[in-house]
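**Q** Listed below are the residues making up each chain.
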Amino acid sequence: MQLAAVGYIPDRDLATALWLMASLKRPLLLEGEAGVGKTEVARALALAHDTKLIRLQCYEGLDQSAALYEWNYQRQLLAIKAREGTDASAVEEHIFSEAYLLERPLLAAIRQEKPPVLLIDEVDRADEEFEAFLLELLSDFQVSIPELGTITATSIPRVILTSNGTRELSDALRRRCLYHYVDYPDVDREARIILSRLPGIDTDLALQIANMVSLIRKEDLRKTPGVAETLDWAATLAGLEIRHLHDEPEAVHETLMCLIKTVEDTSRMTREVSDRLLGKVA
Amino acid sequence: MSVALATQNPLGAAARTQLNGFAQILRDNGFVVGLAETRDALMILSSKNAARASRLRASLKTLFCSRQSDWQKFDELFDAYWLSHGMKSATRISGAPQKSPTGLQTQAAGRRGFGESDQADHVERGEGSEVSETGQSKREGASRTELLSTTDFRHLSQPEDLAAAHDLAERLAKSMRARLTRRMHARRTGQRLDLRRTIHKSIAQGGTPLQLIQRKRKDKPLRLVVLLDASGSMNLYSAVFLRFMHGVLDSFREAEAFVFHTRLIHISPALKERNPQRAMERMSLLAQGTGGGTRIGASLASFNRWHAKRCIHSRTCVMIVSDGYDTGPAENLGVEMQALRRRCRRIAWLNPMIGWHGYAPEAAGMKAALPHIDLFAPAHNLESLKALEPYLARI
Numbered sequence: 001m002q003l004a005a006v007g008y009i010p011d012r013d014l015a016t017a018l019w020l021m022a023s024l025k026r027p028l029l030l031e032g033e034a035g036v037g038k039t040e041v042a043r044a045l046a047l048a049h050d051t052k053l054i055r056l057q058c059y060e061g062l063d064q065s066a067a068l069y070e071w072n073y074q075r076q077l078l079a080i081k082a083r084e085g086t087d088a089s090a091v092e093e094h095i096f097s098e099a100y101l102l103e104r105p106l107l108a109a110i111r112q113e114k115p116p117v118l119l120i121d122e123v124d125r126a127d128e129e130f131e132a133f134l135l136e137l138l139s140d141f142q143v144s145i146p147e148l149g150t151i152t153a154t155s156i157p158r159v160i161l162t163s164n165g166t167r168e169l170s171d172a173l174r175r176r177c178l179y180h181y182v183d184y185p186d187v188d189r190e191a192r193i194i195l196s197r198l199p200g201i202d203t204d205l206a207l208q209i210a211n212m213v214s215l216i217r218k219e220d221l222r223k224t225p226g227v228a229e230t231l232d233w234a235a236t237l238a239g240l241e242i243r244h245l246h247d248e249p250e251a252v253h254e255t256l257m258c259l260i261k262t263v264e265d266t267s268r269m270t271r272e273v274s275d276r277l278l279g280k281v282a
Numbered sequence: 001m002s003v004a005l006a007t008q009n010p011l012g013a014a015a016r017t018q019l020n021g022f023a024q025i026l027r028d029n030g031f032v033v034g035l036a037e038t039r040d041a042l043m044i045l046s047s048k049n050a051a052r053a054s055r056l057r058a059s060l061k062t063l064f065c066s067r068q069s070d071w072q073k074f075d076e077l078f079d080a081y082w083l084s085h086g087m088k089s090a091t092r093i094s095g096a097p098q099k100s101p102t103g104l105q106t107q108a109a110g111r112r113g114f115g116e117s118d119q120a121d122h123v124e125r126g127e128g129s130e131v132s133e134t135g136q137s138k139r140e141g142a143s144r145t146e147l148l149s150t151t152d153f154r155h156l157s158q159p160e161d162l163a164a165a166h167d168l169a170e171r172l173a174k175s176m177r178a179r180l181t182r183r184m185h186a187r188r189t190g191q192r193l194d195l196r197r198t199i200h201k202s203i204a205q206g207g208t209p210l211q212l213i214q215r216k217r218k219d220k221p222l223r224l225v226v227l228l229d230a231s232g233s234m235n236l237y238s239a240v241f242l243r244f245m246h247g248v249l250d251s252f253r254e255a256e257a258f259v260f261h262t263r264l265i266h267i268s269p270a271l272k273e274r275n276p277q278r279a280m281e282r283m284s285l286l287a288q289g290t291g292g293g294t295r296i297g298a299s300l301a302s303f304n305r306w307h308a309k310r311c312i313h314s315r316t317c318v319m320i321v322s323d324g325y326d327t328g329p330a331e332n333l334g335v336e337m338q339a340l341r342r343r344c345r346r347i348a349w350l351n352p353m354i355g356w357h358g359y360a361p362e363a364a365g366m367k368a369a370l371p372h373i374d375l376f377a378p379a380h381n382l383e384s385l386k387a388l389e390p391y392l393a394r395i
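If you read the sequences in order, they're chains H and U. Under the working numbering, the first residue of the first sequence carries the number 1, and numbering increases by one thereafter. Under the working numbering, the first residue of the second sequence carries the number 1, and numbering increases by one thereafter.
There's no promise every hint is true.
Dumping the calculated EDC-like pairs for lysine to aspartate or glutamate here, alpha-carbon to alpha-carbon at most 20 Å [what the hints assert, rightly or not]:
no., chain 1, residue 1, chain 2, residue 2
1, U, K309, H, D232
2, H, K25, H, E113
3, U, K309, H, D265
4, U, K309, H, E128
5, H, K218, H, D183
6, H, K261, H, D232
7, H, K223, H, D265
8, U, K309, H, E122
9, U, K309, H, E264
10, U, K201, H, E92
11, H, K223, H, E264
12, U, K386, U, E362
13, H, K25, H, D121
14, H, K261, H, D220
15, U, K309, H, E93
16, H, K280, H, D186
17, U, K201, H, E147
18, U, K201, H, E93
19, U, K309, H, D124
Covered stretches of chain U, going by a simulated chain H footprint (3 or more residues, C-beta under 8 Å) [what the hints assert, rightly or not]:
no., stretch
20, 28-42
21, 55-69
Residues from chain U that face chain H, not an exhaustive set, calculated with beta carbons under 10 Å [said to hold, decoys possible]:
no., residue
22, S47
23, Q72
24, L195
25, T198
26, K201
27, A204
28, T208
29, P209
30, I213
31, Q214
32, S251
33, R253
34, S268
35, R310
36, K386
These aren't lab readings, by the way, just hints derived from the structure by calculation. Where is the CB? At the ideal position from N, CA and C, for every residue including glycine.
Only chain H is shown next, with the shape it has when bound in the complex (with noise of 0.2 Å):
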C-alpha cells in the first residue's frame, strides 16, 4: 500500500478495506470517535493516488444545490435583460447552458477526468432526505438536471463517507457501504505516526508519548485525546526539547493541555495523576 509514502500509517484491516473498496468499487463507510483521523484516511488516499480530494462536509439542512448543483442566477439575470426582446424560447435554452451551471462537490465529483477522491465527511449530520438522496446517487453515479438533461459519470469516484454517530444511518446506506470502525491507534502504529509526522523527533521519545497518551486515553475522561492532539503534544514536547518524559515531569503536565480539552477533565487530570501515568511508562 501506497499510503505509508503519502504520510499515512494504516493498520493492516484499513489497507484491506481499501483494497476491497477498489476492486468491488463500492463507498467505504468509516464510523469512529473524533479525532482518530477518518477524515486522514481520504486525504492520503488521495495523494497516494495522486488525484483530487473532493470534499464535501455535511451539515443539518444540506440541500441539494449546496451539495449537487446550482445555477448561476446572478449571470443568468443580467444575460435576460442583455437579450430583451429576442426570442423567449432561445433565451431559455442559453441560460440553462453548461455556462450557467455551477458545480458543487457531488457534480464535480462524477465530472472528472481521473477518478478522484469524494469524501463524505460527517454524513449523520445531514437530513435523512439528503441520506436518501445521496443513496440514489451512490448506485447509479448520474445526476439529472431538470433543464439540461442526465449527466452520466465520466469516472467513479472513490466515495469514502465519515460519521461520528451523531445519528443512526439508515440500513440502505450502511449495506451500500462498505464498513470499517476506525479505532484510537495501538501504541506502536501511534509512535509511527508521530515519527512520520515529526521526522526530527527521537524515536523513543516517540514511543514514551504514544505510551502516555495511550494511558491517559484510558481515564474517565470526558473528552478523549485523538491523534491530531498527541500529534501537538508531541510538537510541543520537541519544542522544549525535552528528551525523555521522566526527566520533566513539571513541562509533561503544565503542557497536558494540548491533550485535555474540557474543564472537567483539567480538574480531572492533577499532577498526581499524571505523575501517576507517566510512572508506568516505560
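Mind docking chain U on chain H? Use the hints.
**A** Positioned in the frame of chain H, the structure of chain U alone reads:
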C-alpha cells in the same frame, strides 16, 4: 491495487454452502446481510489476494459489518464458524450493547401482583395497599374506555384490561404526535428568498421577478427520549409504559427508548423490529435484572456517557418514568441529572406515585433530582399521560 476479480466462480459447491451458512449465522446475530454481500464475498473468496486467512477475515469483516456493534461481534463469530468445526449451531453472541434485547419479561413480570415486589427498598410501602380515589367503581357499560383511562394502573390486574390500556397508550402517543406536527406546520414562515424558483417563475414574465418565492425553514421535530424504570417497585407500571414507549417509537419521527434497573439498556432497536419472531427473540433476552433493584444514578451516568451525544439535540425532551427510589447514593443522581439538564431542552419526570394519596417526594434520590426537573408529573393512569400533551406541544 485494482485486482480483477473473477466473476466466474471457481469455488466448489462446498465452499459456497459454507459461506451461505456463515451469512445465515451473521443474520441470526442481527447483521444486515443481503444477496449482494454474499455474492461479493464469493468474489473475494475466489480472488487470489484473499488466500491468506488474516486478509480474508479483514475483507469479510469490512463487507459484512455495517455498524459498530457488528464490528465488535464479528471476530468471535468468524473464529467460531471457520476455525472450529461443529460449533456452528451454537454460535450466538449475546449482550452487545447496541442491539441489546428488551423487555417482554417486564410485561410478564408486570402482570404479577404489586405486593410481590421483592425489592430492598428503604421506603415503607404503606400506601401500596391504599386506594386512590379514581377508578374504584364498577367497570362495565358503554363508557368502559373512559373509565379505564382514569384507573390507576395498579388496579388493572386482568390481562385484557392491561391490553386495553396498552392500546390506549399507543393511540395516545399517536394523537400526541399528530397534534405536535400540526403545530409545526402552522409555525412555518418564509425566511429566505428561493432564487431558483423565483427566477424560474420570472422567465414567463420576461425575466422580471414579479412573484417572489420564499423559502421556508423546516422545523426540527421534537425528539423524545424515554427512560423507563423497570425495577421491582415499578413492576406493574412498567408494563403499561413499555407499551406506551412502543407507541411513541412507532409514531414519533425521532424517538429513543431506554429501560433501566441496575443498568441501562437501549431498547429502541428491539422495539422497532418489524419481524415479530425476531422481536420476541430479542425481547426475551432482556430478562436479567428487571423487577430487581434500581440504580438510577448509575444508569443516568451511563446514558450521559454513552448515549447522550447521539440521542440528544437542542429540541429533545427527556422523559424519565420512575418512582425515584434509588439504591445508589443520592448525590450521584443529582450530579447526573445536572449534567443531563445542561444537554437537553426539557426534562419531564413522571412519577406514578404522585397520583397516590398523600404522596410527597421524600425518597432521597427524588429530592436530589427535583431541582433539575422541568416538569414533575403524575403518571399513574392514562388521563395523567394525556395531560402531558399540551406540555410537549409547547416545547
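**Q** All the hints need checking, so say for each whether the structure fits it.
**A** Going through the hints against the structure:
Of the supplied pair hints, the one linking K309/U and D232/H is violated, its CA atoms being roughly 25 Å apart against a limit of 20 Å. For the hint pairing K25/H with E113/H, the CA-to-CA distance comes to about 17 Å; that is within 20 Å, so the pair holds. Distance check on the hinted pair: K309/U and D265/H sit about 17 Å apart at the alpha-carbon level, within 20 Å; holds. About 18 Å separates the Cα atoms of K309/U and E128/H, which keeps this hinted pair within 20 Å; it holds.
Proximity of K218/H to D183/H is assessed by CA-CA distance (about 13 Å); at most 20 Å being required, the pair is judged to hold. Taking the CA atoms of K261/H and D232/H, the gap is about 13 Å. The hint holds against a cut of 20 Å. For a cut-off of 20 Å, the pair hint linking K223/H to D265/H stands: about 8 Å separates their Cα positions. About 14 Å separates the Cα atoms of K309/U and E122/H, which keeps this hinted pair within 20 Å; it holds.
For the suggested pair K309/U and E264/H, the alpha carbons sit about 17 Å apart, so the restraint of at most 20 Å is met. Between the alpha carbons of K201/U and E92/H the distance comes to roughly 12 Å, so the proposed pair stays at or under 20 Å and holds. At roughly 10 Å between alpha-carbon atoms, K223/H and E264/H fall within 20 Å of each other, so this suggested pair holds. Note on K386/U and E362/U: the hinted pairing is violated, with a Cα-Cα distance of about 26 Å set against a maximum of 20 Å.
Using a Cα cut-off of 20 Å, the hinted pair K25/H and D121/H holds, with the two alpha carbons roughly 19 Å apart. About 13 Å separates the Cα atoms of K261/H and D220/H, which keeps this hinted pair within 20 Å; it holds. A C-alpha spacing of about 49 Å is found between K309/U and E93/H, which places the hinted pair above 20 Å, so the restraint is violated. Using a Cα cut-off of 20 Å, the hinted pair K280/H and D186/H holds, with the two alpha carbons roughly 16 Å apart.
A distance of roughly 14 Å separates the Cα atoms of K201/U and E147/H; the hinted pair therefore holds under the 20 Å criterion. Proposed proximity of K201/U and E93/H is supported: the alpha carbons are some 15 Å apart, at most 20 Å. Straight-line distance between C-alpha atoms of K309/U and D124/H comes to about 12 Å, which keeps the hinted pair within the 20 Å bound. Closer than 8 Å: that is the beta-carbon criterion, and the stretch 28-42 of chain U has 5 residues meeting it against chain H, so the requirement of 3 holds.
By the rule of at least three residues with a Cβ nearer than 8 Å to a Cβ of chain H, the coverage given for the stretch 55-69 of chain U holds, with 10 such residues. With its C-beta approaching chain H no nearer than about 7 Å, S47/U sits inside the 10 Å limit, and its interface hint holds. Below 10 Å, beta-carbon pairs count as interface contacts, and Q72/U has one with chain H at about 8 Å; its hint therefore holds. Restraint check, L195/U versus chain H: the minimum CB separation of about 5 Å is within 10 Å; hint holds.
Hint status for T198/U relative to chain H: holds, with the closest Cβ pair at about 8 Å, below 10 Å. Hint status for K201/U: violated, given a least beta-carbon distance of 12 Å to chain H, over 10 Å. For A204/U, the suggested interface contact is upheld, since its CB lies about 8 Å from the closest CB of chain H, less than 10 Å. At a threshold of 10 Å, the smallest CB-CB gap from T208/U to chain H is about 9 Å, leaving the interface hint in force.
Annotation: P209/U was flagged as interfacial toward chain H, and the flag holds, the nearest CB pair being 8 Å apart, inside 10 Å. Contact between I213/U and chain H, as hinted, is not supported at the beta carbon level, the nearest pair being about 13 Å apart and thus beyond 10 Å. A distance limit of 10 Å between C-beta atoms decides the matter here; for Q214/U the minimum to chain H is near 15 Å, and the interface restraint is violated. For S251/U, the suggested interface contact is broken, since its CB lies about 16 Å from the closest CB of chain H, more than 10 Å.
With a cut of 10 Å, the hint placing R253/U at the interface with chain H holds, because the nearest CB-to-CB distance is about 9 Å. A cut of 10 Å between beta carbons decides the hint on S268/U: the least distance to chain H is about 9 Å, and the hint holds. Checking R310/U against chain H: minimum C-beta separation of about 5 Å stays under 10 Å; hint holds. The beta carbon of K386/U is not positioned within 10 Å of any beta carbon in chain H (closest approach about 30 Å), and the interface hint is therefore violated.
Taken one by one, the earlier hints fail for this structure at numbers 1, 12, 15, 26, 30, 31, 32 and 36, listed in ascending order.
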